[in-house]
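*Asks:* This is what each chain is made of:
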Amino acid sequence: MRITENMSLSKKLNILSDAAKYDVACTSSGTDRHNDGTGIGNCVKAGICHSFSADGRCISLLKILFTNECIFDCKYCINRTSNDVERASFTPDEVCNLTIEFYRRNYIEGLFLSSGVWKSPDFTMEMLYQTLYKLRTEYRFQGYIHVKAIPGASPELIQKVGFLADRMSVNLELPTAESLRKLAPHKNRKNILTPMRLVQNGMAENKQELVAYRNAPRFVPAGQSTQMIIGATPENDFQILNVAEALYKKFELKRVFYSAFVHVNEDSNLPARGDEGPPLLREHRLYQADWLLRFYGFEAKELLSEMNPNFNVLIDPKCNWALEHLEVFPVEVNRADYYTLMRVPGIGYKSASRIVKARRMGVLNFEDLKKMGVVLKRALYFITCNGKMMYPTKIEQDYILRNLLNVGEKLPISVTQMNYKQLSLFDDYHFRQEQFMAEAGKKAPIEKIIG
Amino acid sequence: MKRVYVCNDTITGIFSGIYDAWKTKLGQEQLGIVLKGCIDQELFCEYAEVVESEKKTIAVENLIKKHMGYEAYWEIYHAVLSSDKEKGDAILGMMLEARNIPQSKKIMQHLSHPKVRKVFELSRNVSNEAHYYREIIRFRELDNGILFSQIEPKSQILTCLGDHFTDRFPLENWMIYDRTHKMFLVHPESKHWVLVLDEVVNEEAIKKVSVKEKTYEKLWKGFFESVAIEERKSYDRQRQHLPLHYRKHVTEFQ
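Chains A and B, in that order, are what the protein sequence lines are.
Heads up: the first sequence runs through residues 184 to 634, numbered per the numbering used here.
Heads up: the second sequence runs through residues 15 to 268, numbered per the numbering used here.
It is possible that some hints are incorrect.
Mimicking EDC-like on lysine to aspartate or glutamate, the simulated pairs with C-alpha atoms at most 16 Å apart in a straight line are [claimed, not checked]:
{"hint": "1", "chain 1": "A", "residue 1": "K194", "chain 2": "B", "residue 2": "E60"}
{"hint": "2", "chain 1": "B", "residue 1": "K226", "chain 2": "A", "residue 2": "E507"}
{"hint": "3", "chain 1": "B", "residue 1": "K232", "chain 2": "A", "residue 2": "D551"}
{"hint": "4", "chain 1": "B", "residue 1": "K247", "chain 2": "A", "residue 2": "E459"}
{"hint": "5", "chain 1": "B", "residue 1": "K129", "chain 2": "A", "residue 2": "D551"}
{"hint": "6", "chain 1": "A", "residue 1": "K577", "chain 2": "A", "residue 2": "D520"}
{"hint": "7", "chain 1": "A", "residue 1": "K571", "chain 2": "A", "residue 2": "E592"}
{"hint": "8", "chain 1": "B", "residue 1": "K221", "chain 2": "B", "residue 2": "E135"}
{"hint": "9", "chain 1": "B", "residue 1": "K132", "chain 2": "A", "residue 2": "E284"}
{"hint": "10", "chain 1": "B", "residue 1": "K132", "chain 2": "A", "residue 2": "D551"}
{"hint": "11", "chain 1": "A", "residue 1": "K228", "chain 2": "B", "residue 2": "D181"}
{"hint": "12", "chain 1": "B", "residue 1": "K228", "chain 2": "A", "residue 2": "E459"}
{"hint": "13", "chain 1": "B", "residue 1": "K232", "chain 2": "B", "residue 2": "E217"}
Since the hints were made in silico from the structure, they are not lab data.
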């Protein structure tokens with residue numbers, strides 16, 4: 184503590200934003216709130232990104248830790264107690280001032296306040312509460328606030344904080360209790376799920392209050408989220424996706440974030456450090472599947488199975504599903520219902536709703552579909568317009584797969600900068616090229632497929 | 015013979031042109047609108063100068079709201095702000111097409127018509143651009159306490175930003191200057207915003223920032239650096255999300 188007293192604000196900000204950057208959640212969505220005319224700030228339902236950092240991730244909130252002092256010793260975390268890093272803490276006023284002054288200049292959409300566990304979970308949560316209380320009442324801040332619930336903090340404190348924040352999150356950290364025990368000895372499944380359940384119940388109660396009293400204070404209006412680290416432990420994609428699905432269904436989470444494991448510590452319990460970098464393609468496939476769960480009506484067991492527990496590195500989860508279920512294709516664009524259309528590769532939920540509306544005004548052809556944003560080079564194997572396919576094609580797994588691989592997939596640039604070989608270690612350790620070839624029933628060399 | 019109306023690139027100009035064209039009761043093939051200064055003279059066309067008036071504008075606005083609904087009205091409003099040369103023609107074409115379909119309020123769903131699609135695209139471009147500026151406008155505090163920002167957008171998006179920032183900073187004096195179109199959006203404390211045209215910016219005054227300004231600029235730049243993860247660095251991805259031409263007046267890229 185003696186060190187932090189003399190530390191400049193810019194030094195503190197440097198240390199505590201650097202320590203917070205591994206948290207992926209930086210969304211500012213979920214609340215729509217107008218300013219009441221007495222303070223500063225509002226919230227926009229869809230959220231607003233204000234900038235993009237050098238790694239291409241969006242900056243929406245002032246993402247900082249309150250302190251990086253921590254009594255826990257999680258193996259993957261840079262701030263663990265056994266690490267010798269420079270420690271710093273803000274005061275509540277410093278956090279408030281930074282938030283307001285950054286917000287006035289339109290740098291940020293609000294505050295993301297996390298923290299290391301300082302002294303005890305309750306003590307830390309109390310500091311977070313004081314900060315938010317000050318920001319909301321003294322500084323009249325009405326913008327977005329995302330705050331972490333500290334595992335192990337008392338229910339009353341979490342309840343109090345929930346009425347000040349827009350979104351709360353507790354990080355699940357690792358997909359299974361087993362891995363958690365190994366890598367985060369001070370945390371356990373129960374400690375993490377308890378606050379999550381608490382927030383869920385609080386939101387349900389609050390919903391009823393709001394029905395009775397329209398102006399009742401709102402409890403975590405933007406819902407809660409969580410995050411899992413991918414690639415630090417041996418879970419497969421099927422397990423991870425099942426956990427995510429359970430969280431959406433049983434805990435009514437708004438978002439589950441996946442964070443590709445970045446090596447910051449040396450520890451015998453962590454995977455060996457190679458030169459392949461974080462498993463970004465795997466993270467990308469999980470996000471793709473996550474979207475399918477949330478917006479496209481898919482279930483985890485449709486996308487993966489015990490037999491086939493990892494995503495294909497070569498094609499996206501939706502294409503993969505379609506190739507396994509060729510019996511439902513082709514679908515007729517002018518007649519198929521919304522949910523069937525959404526399952527077609529190349530048709531997203533936006534273009535599906537455009538199609539449903541536009542076909543009331545007239546019969547659609549392939550040219551119209553293209554203009555509406557359908558990716559025909561993927562969709563053409565799965566749809567008909569007025570009973571005709573775009574080109575004469577075979578509805579055959581190998582044939583379609585070959586062609587889909589030929590047109591390639593538009594991966595985010597960050598993912599494509601690495602090559603497939605580098606990814607094979609953690610990304611998809613069950614994946615064998617020969618096995619894939621056997622499944623596809625093709626004898627051509629693999630280079631030809633990828634090329 | 016096709017009749018083409020020549021009008022100014024303003025809301026009043028374009029709506030007056032639509033008013034005149036609408037009055038003739040001719041069909042889609044026989045009518046057109048071009049903006050002054052971008053006429054490609056065609057054969058077999060009759061060009062007519064539009065006389066602008068507030069009355070015509072209001073009449074057209076009411077016509078749109080009443081018969082095509084508010085959804086279409088906002089699409090047209092955004093399309094008018096676009097920098098596209100054919101916007102007037104597209105809007106007129108869409109309005110004429112709305113007469114031909116049974117429920118004219120559903121005109122925006124008629125995306126297979128080229129003019130409707132054009133208006134839809136223009137509107138989407140303008141509102142996307144407006145959204146970009148909602149994100150990347152950066153205010154600087156001048157020494158008189160006013161929050162000042164300057165931008166160089168392609169479309170005339172200032173009016174799309176007014177409500178958003180008024181709701182956000184009701185107790186601040188702020189101002190946004192559009193360098194491309196030489197327009198100001200001005201918001202005095204606790205009042206409604208106004209659009210100011212035909213004024214010249216005082217280049218000296220906007221350079222005098224407050225004492226605190228430099229400190230917070232530095233803090234922000236420091237935060238911007240430290241929040242990036244070294245192992246995931248990707249300037250291409252950054253550029254994909256935030257193209258270079260938007261960065262000109264953004265604090266952290268200077």
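*Asks:* Could you run down the list of hints and mark each one as holding or not?
*Replies:* Structure-based check of each hint:
| no. | hint | verdict |
| --- | --- | --- |
| 1 | K194(A) <-> E60(B) | violated (70 Å) |
| 2 | K226(B) <-> E507(A) | violated (61 Å) |
| 3 | K232(B) <-> D551(A) | violated (50 Å) |
| 4 | K247(B) <-> E459(A) | holds (14 Å) |
| 5 | K129(B) <-> D551(A) | holds (13 Å) |
| 6 | K577(A) <-> D520(A) | violated (24 Å) |
| 7 | K571(A) <-> E592(A) | violated (25 Å) |
| 8 | K221(B) <-> E135(B) | violated (38 Å) |
| 9 | K132(B) <-> E284(A) | violated (42 Å) |
| 10 | K132(B) <-> D551(A) | holds (13 Å) |
| 11 | K228(A) <-> D181(B) | holds (14 Å) |
| 12 | K228(B) <-> E459(A) | violated (40 Å) |
| 13 | K232(B) <-> E217(B) | violated (23 Å) |
Violated hints, listed in ascending order, are 1, 2, 3, 6, 7, 8, 9, 12 and 13; each of the other numbered hints is respected by the structure.
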